[in-house]
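**Q** Listed here are the chains, written in short residue letters.
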Amino acid sequence: GDSVTQMEGPVTLSEEAFLTINCTYTATGYPSLFWYVQYPGEGLQLLLKATKADDKGSNKGFEATYRKETTSFHLEKGSVQVSDSAVYFCALSYETSGSRLTFGEGTQLTVNP
Amino acid sequence: ETGVTQTPRHLVMGMTNKKSLKCEQHLGHNAMYWYKQSAKKPLELMFVYNFKEQTENNSVPSRFSPECPNSSHLFLHLHTLQPEDSALYLCASSHPQGSYGYTFGSGTRLTVV
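Protein chains in written order, with our numbering: chain C, 1 to 113; chain W, 1001 to 1113.
Everything labelled a hint here was simulated from the structure, so no lab data went into it. In this text the structure is predicted, and so the values were computed from the model without any measurement. Treat the hints with caution; some may be incorrect.
Claimed, not checked - Straight line, CA to CA, 16 Å or less: simulated EDC-like cross-link-like pairs of lysine to aspartate or glutamate:
no., chain 1, residue 1, chain 2, residue 2
1, W, K1040, C, E8
2, W, K1041, C, E63
3, W, K1040, C, E105
4, W, K1036, C, E105
5, C, K52, C, E63
6, W, K1041, C, E8
So here's chain W without its partners, still in its complex pose (with noise of 0.2 Å):
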């Protein structure tokens, strides 16, 4: 347990589905990210949230919508995806204060058939 909670662990979903991604932290951080980590592709930074308000998109496909609520939970939501789109997910979050790293989730691997 790294102190940052994805669920689900898996998803499989079909590209007319709509699902969310859920990841929660206890530690008082008060930054969260999601990346995308596909096979043989570096590591992807898709959104980032500092005290609730988003100030990073990076490019990202409006098919994937975050959303934060408050400090401690991220969603990252997700409609009419593609098979391209089948990734492990990764939450991460830190102190704003870029030294002290980052403490990421497991990740949900997702799967668009």
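So here's chain C without its partners, still in its complex pose (with noise of 0.2 Å):
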């Protein structure tokens, strides 16, 4: 079946920072990828999302590049802020109808200043 595998967390960085959550998938045809947030105490939010390999997402300074050959997704900023600090889902999900979104595992994010 489908998978999503995220790198474990949490993540803490320092404000400015370079961030990277890498995120791969298993799939057995050719989904869309997304990346959600939750803000604490809220619920996901879409953040971006590619729907072909090669197509990058982007969003509030964040890119996701879909690399089929490498079957990743992985979320990049290149100056995080404080107010990045959150938990970050990788998932992915087909066109067809009735199709269910998989998720990985969340990584948590913390920005310090």
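Dock chain one against chain two, each of which comes alone in its own frame, and use the hints as you go.
**A** Following this line, the structure appears as structure tokens:
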């Protein structure tokens, strides 16, 4: 079956540091890939997505590129802020009707001033 | 405001109580979901509704009873819960086509005492 594996957290960085959160997937087909973010006390929000190989999703300074050859979708940001402290979830889904989102386990990010 | 509204935001209930969680969306989505998020555990998909019909029940105990009267509203009825049911309950909605991703509510923080 399909699965998503994220790097283990928690990740702690200083403000303005470079962020990478690794995500790899196992899929039987050609899924769409997503990053969701969950701020403290809130639900999950869609951060970015990519629907096919070599697509780059970007939002709020975050980027991730759909790499079919390495089955990866790593999240990056060049300079993190304290306000980026949250849990980040990688996920995949298919275009077919009724397809479910398969989530990774989430990575806690803490950014210190 | 994400477009998916959950009420209440917080709920404390005794093990003999009966309560209901409510989820509402006016995004034109036809699929709705209940997730359970416990500390240090992956997101657990509980129930899925497509066009008001339940299409998935992931071995959820009968003390959790979902109801979907129309495509915009989803309820989770709770009765005789256990302390281990304390968690954040998240509602989400989506187009049936999976590549659009899900829109999540802010969740209901449930504490069973």
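**Q** Would you mind marking each hint as holding or not holding in the structure?
**A** Hints, verified against the model:
1. W:K1040 with C:E8: Answer holds: K1040 of chain W to E8 of chain C is near 12 Å, not above 16 Å.
2. W:K1041 with C:E63: It is violated: about 26 Å lies between the C-alpha atoms, which goes past 16 Å.
3. W:K1040 with C:E105: Cα-Cα ~9 Å, so holds.
4. W:K1036 with C:E105: holds, 13 Å
5. C:K52 with C:E63: Holds - the C-alpha atoms of E63 of chain C and K52 of chain C are around 15 Å apart, at most 16 Å.
6. W:K1041 with C:E8: holds, 13 Å
The structure fails to meet hint 2 from the earlier list, while all remaining hints are met.
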